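> Protein chains in written order, with this note's numbering: chain A, 1 to 285; chain H, 1 to 287; chain G, 1 to 367.
No lab work stands behind these hints: they were computed from the structure.
None of the values given here were measured: they were computed from a predicted structure.
You may find that some hints are simply not true.
To be verified - The calculated lysine-lysine pairs, modelled on DSS-like cross-linking and capped at a C-alpha distance of 25 Å, are:
1) G:Lys168 <-> H:Lys201
2) G:Lys71 <-> H:Lys201
3) G:Lys126 <-> G:Lys71
4) G:Lys126 <-> G:Lys168
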Amino acid sequence: MTVVAPARERDARRGGAGLGRGVLAAIAIAYVAILLLLPLIGIVWRAFQPGMSIVGETLSRPEVRHAFLLTGIITATTIVVTTAFGLVVAWVLVRQRFWGRALVNAVVDLPFALSPVTVGLAAVLLFGTGGWFADFLAARGIQVLFALPSMMLVTIFICIPFTIRELVPVLEEFGLEEEDAARTLGASIWQTFRHVTVPNIRWALLYGIALTTARSIGEIGAVLIVSGTIAGLTETATIYIFTALEERLVARAHVVALILALTSICVLVTIEWLHRRTEEARSNA
Amino acid sequence: MSGAAQTLGIRSASLRSKDRRLAALRHLGLRAAAIVYLGAMVAVPIAAIVTKGFGDGLGSFRTALAVPSAGAAIRLTLITAAIATGINAAMGTLIAWVLVRSRFPGRRVLSAMVDLPMAIPTLVTGLMLLTLYGPNSPIGRALEGVGLQVAFTVIGVLLALCVVTLPLVVRQVQPVLLELDPAEEEAAATLGAGAWLSFRKVVLPAIRPAIVGGSLLTFARCIGEFGSVVLISGNRAGETLTAPVFIFQLTNQFRPAEAASIATLMFAISFALVLVTSRLIVRRTDA
Amino acid sequence: MSTPIRVEGLTKRFGSFEAVRDVSFMAASGSITALLGPSGSGKSTVLRMIAGLERPTAGRIWLGEEELTAKSVQERAVGFVFQHYALFRHMSVAENVAFGLRVRKEERASRDARVAELLDLVQMTKFARRYPDQLSGGQRQRVALARALAPRPQVLLLDEPFGALDAKVRQDLRRWLDELHRELGVTSLLVTHDQEEALELANQVVVMHEGRVEQAGSPAEVYEQPATAFVAGFVGSANVLHGWVVDGHVHLGTFRVPGADHLEEGAAAAAFVRPHDVRISREETGVRGTIERIATLGWLARLSITLPGGETLVAHVPHEELDGAAEGDEIWADLRSPKAFGIEPAPVEPPGAVASDGAIPSGAPPM
Numbered sequence: 001m002t003v004v005a006p007a008r009e010r011d012a013r014r015g016g017a018g019l020g021r022g023v024l025a026a027i028a029i030a031y032v033a034i035l036l037l038l039p040l041i042g043i044v045w046r047a048f049q050p051g052m053s054i055v056g057e058t059l060s061r062p063e064v065r066h067a068f069l070l071t072g073i074i075t076a077t078t079i080v081v082t083t084a085f086g087l088v089v090a091w092v093l094v095r096q097r098f099w100g101r102a103l104v105n106a107v108v109d110l111p112f113a114l115s116p117v118t119v120g121l122a123a124v125l126l127f128g129t130g131g132w133f134a135d136f137l138a139a140r141g142i143q144v145l146f147a148l149p150s151m152m153l154v155t156i157f158i159c160i161p162f163t164i165r166e167l168v169p170v171l172e173e174f175g176l177e178e179e180d181a182a183r184t185l186g187a188s189i190w191q192t193f194r195h196v197t198v199p200n201i202r203w204a205l206l207y208g209i210a211l212t213t214a215r216s217i218g219e220i221g222a223v224l225i226v227s228g229t230i231a232g233l234t235e236t237a238t239i240y241i242f243t244a245l246e247e248r249l250v251a252r253a254h255v256v257a258l259i260l261a262l263t264s265i266c267v268l269v270t271i272e273w274l275h276r277r278t279e280e281a282r283s284n285a
Numbered sequence: 001m002s003g004a005a006q007t008l009g010i011r012s013a014s015l016r017s018k019d020r021r022l023a024a025l026r027h028l029g030l031r032a033a034a035i036v037y038l039g040a041m042v043a044v045p046i047a048a049i050v051t052k053g054f055g056d057g058l059g060s061f062r063t064a065l066a067v068p069s070a071g072a073a074i075r076l077t078l079i080t081a082a083i084a085t086g087i088n089a090a091m092g093t094l095i096a097w098v099l100v101r102s103r104f105p106g107r108r109v110l111s112a113m114v115d116l117p118m119a120i121p122t123l124v125t126g127l128m129l130l131t132l133y134g135p136n137s138p139i140g141r142a143l144e145g146v147g148l149q150v151a152f153t154v155i156g157v158l159l160a161l162c163v164v165t166l167p168l169v170v171r172q173v174q175p176v177l178l179e180l181d182p183a184e185e186e187a188a189a190t191l192g193a194g195a196w197l198s199f200r201k202v203v204l205p206a207i208r209p210a211i212v213g214g215s216l217l218t219f220a221r222c223i224g225e226f227g228s229v230v231l232i233s234g235n236r237a238g239e240t241l242t243a244p245v246f247i248f249q250l251t252n253q254f255r256p257a258e259a260a261s262i263a264t265l266m267f268a269i270s271f272a273l274v275l276v277t278s279r280l281i282v283r284r285t286d287a
Numbered sequence: 001m002s003t004p005i006r007v008e009g010l011t012k013r014f015g016s017f018e019a020v021r022d023v024s025f026m027a028a029s030g031s032i033t034a035l036l037g038p039s040g041s042g043k044s045t046v047l048r049m050i051a052g053l054e055r056p057t058a059g060r061i062w063l064g065e066e067e068l069t070a071k072s073v074q075e076r077a078v079g080f081v082f083q084h085y086a087l088f089r090h091m092s093v094a095e096n097v098a099f100g101l102r103v104r105k106e107e108r109a110s111r112d113a114r115v116a117e118l119l120d121l122v123q124m125t126k127f128a129r130r131y132p133d134q135l136s137g138g139q140r141q142r143v144a145l146a147r148a149l150a151p152r153p154q155v156l157l158l159d160e161p162f163g164a165l166d167a168k169v170r171q172d173l174r175r176w177l178d179e180l181h182r183e184l185g186v187t188s189l190l191v192t193h194d195q196e197e198a199l200e201l202a203n204q205v206v207v208m209h210e211g212r213v214e215q216a217g218s219p220a221e222v223y224e225q226p227a228t229a230f231v232a233g234f235v236g237s238a239n240v241l242h243g244w245v246v247d248g249h250v251h252l253g254t255f256r257v258p259g260a261d262h263l264e265e266g267a268a269a270a271a272f273v274r275p276h277d278v279r280i281s282r283e284e285t286g287v288r289g290t291i292e293r294i295a296t297l298g299w300l301a302r303l304s305i306t307l308p309g310g311e312t313l314v315a316h317v318p319h320e321e322l323d324g325a326a327e328g329d330e331i332w333a334d335l336r337s338p339k340a341f342g343i344e345p346a347p348v349e350p351p352g353a354v355a356s357d358g359a360i361p362s363g364a365p366p367m
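All chains, please: the whole structure from these sequences, using the hints.
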């Protein structure tokens, strides 16, 4: 075995001559600064421009409160549905062999291929006047479009791939062996799942949930179409920003936007931390 | 199966076949649940779009594309997506390189910032850009002064697309760079190759699939982007109106048929791209 | 034209860890010098510093009259062969070999000619269009050699070039490298932990241990006249017997061996005796012992002899000289040409003997 410099030191040196490396780093930093850092600072500055009181004033408004509440409800529902069914789909994809498996695999990725506005359009086509389910729902007096149900459905659609895509590689890697061993020792399916499978997939699962959360909070295109934007009733936080800007309530829009950005950053930090935990768990496995 | 029998591992013949039947039922039940879930949640909506989009056959497409500003919107969407993809393919590779090969204070911060667009709502991204580079900001006004108007122009669209797709190429290329064998680059150096030549001949061929995969993901994302573009572009028909915003407008104008046709067209393009990339891309947790 | 290599005071520190300490040696023009030592001895680091792949913390490097110390890797124009080949996996064999020539912007015609010449030299002409992953380990290393030699380097540096190969392939390539070197005469530096390889191939062997040069000399010198206890134990197999110096001899409990005149009276010492220097006979010479085990190694028999003090002696005896000796027999072992070295600290327990077959003894007695 040859003795060479510690990997990190070697990597750093491989980046090229000192000056060249410095220039590259500077370009990278400048690019990210122009695209992200400065705009972030800008939004903070603009949000507080009328003074700190604007925050309290905005948050005291009932429609703003309701908007956050609605975002929360939709996000929570989305998490529950996509996680529960995501587990089922991931399980079936990895542990079962059947005709059409490749098709199912491809279908899981489809939501990534659609623009959110297309998703909203689909909801309109399904639940709007003349839509596929319009008569069925009208006969039962169920309001889907321009109401909470459709907003939940489109958000779920958009978030379907996240959990599944995180779980599949982990389920594949932590093979059947542990689960088989548990079963031969007499554990029931549910016991095996709870005590053997879940600990193995725990971090990937949480990571998928974090991604789903960030996406749900940030959803705008689809949910804007199906909501009808009835203030105080069917406005999520993002929709509120949209309509507030249209109504020239710029300051309030910025405050809400800033709150969403900060929430997302917290989710991001959690994602990064979870990512690191996933890596550690995998390397320790 | 009784608890005692389970513990003792004793199973009567009838119990055994009952086990198997239960297991089989469970097996199929899960599969059915998965298929129903995906069928109802994914397949049905897409079917709705595509059937409406094809409406009366190919004629619907012609009608939709005949709508004034439809062609322009699609062209603009594809062109801006291509340009943004090109920019982020290069910058993404550069950033990945810097993150892997350089040590400098704030490298961790840079890495975290790269992930930001994945977390921040696209609408907020659009608002951030509008606030900083729009007409109401000193920077925006200064740029306008030198002839570079960002807000309500194609430049704004490009900027928004670059921001929201920033992490895609970076996170595809980064793990591949980490895996590279240093010996090949050292060999190139001993043979006289400088840093750039060594990169071109040794590193680039190795990361090319990752760059391509990331680029395809970027392109697919760009052609569907709504939240950030709708705020910063000004949505001027024929000039800064992109296909997603156009579809949005058509839907709000109760013209679902035309909206569906255009949506189907864009979907077909992304779908093809997603199929190709599923072979090339590195899943994040594989890093 | 080949040039001599000289290094002086080469030191390399990684953080607080000193991998190379004050290494100096010279390699004559056209010679093969082996840097021999166990893992972690710093030999690869020395090689990499000469190549320019690591920057020395201190020290200087010369190639002929030119000082290399401040030059970049690219400027040094040395040929380097890596343990794991480091072939460019996206290029064909021919493109790999041509790489150094392309960098120097050599013309197509002369480039192609040179590539053909080298592929012929390493007998890989048939594989010119193949890719590295289609080649065996031995084939890859030959390509790597051709690639390193293509730009006509003044020096060839090889970092455990056969370490990743099977024993048989290793031997073949060793022989082949020997022939190649005779033909080309490029000054070569070979890093290896295989002392057989070093002794067979090199004109000069530099034995390294824990970052320092223990001895530099011809293969015969390091083998027959080891300068330190480490060299005696590492190069070739040896029996290591620990004792004290009394009257120019090393006393080992029940017997003694000569050869300690240069050591201080009463000092702790280790005596090294090569297994083939242990002669067995039924006449009373040397020390008495019992044959514990006889292992037949082809034409050679390896005897494990237990001495009265409990120590084990290893003897290599040609079959003919066994003379019917069998396991359990009592015989006399005559210890020829022992080498004695002072060691520290002094052994606490009564001295014991440790049989080593090229194992690495530290300077201290066994714990």
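> Now tell me, hint by hint, if it's right for this structure.
Tested hints:
| no. | hint | result |
| --- | --- | --- |
| 1 | G:Lys168 <-> H:Lys201 | 34 Å, violated |
| 2 | G:Lys71 <-> H:Lys201 | 23 Å, holds |
| 3 | G:Lys126 <-> G:Lys71 | 37 Å, violated |
| 4 | G:Lys126 <-> G:Lys168 | 22 Å, holds |
Hint compliance for this structure: hints 1, 3 are broken, all remaining hints hold.
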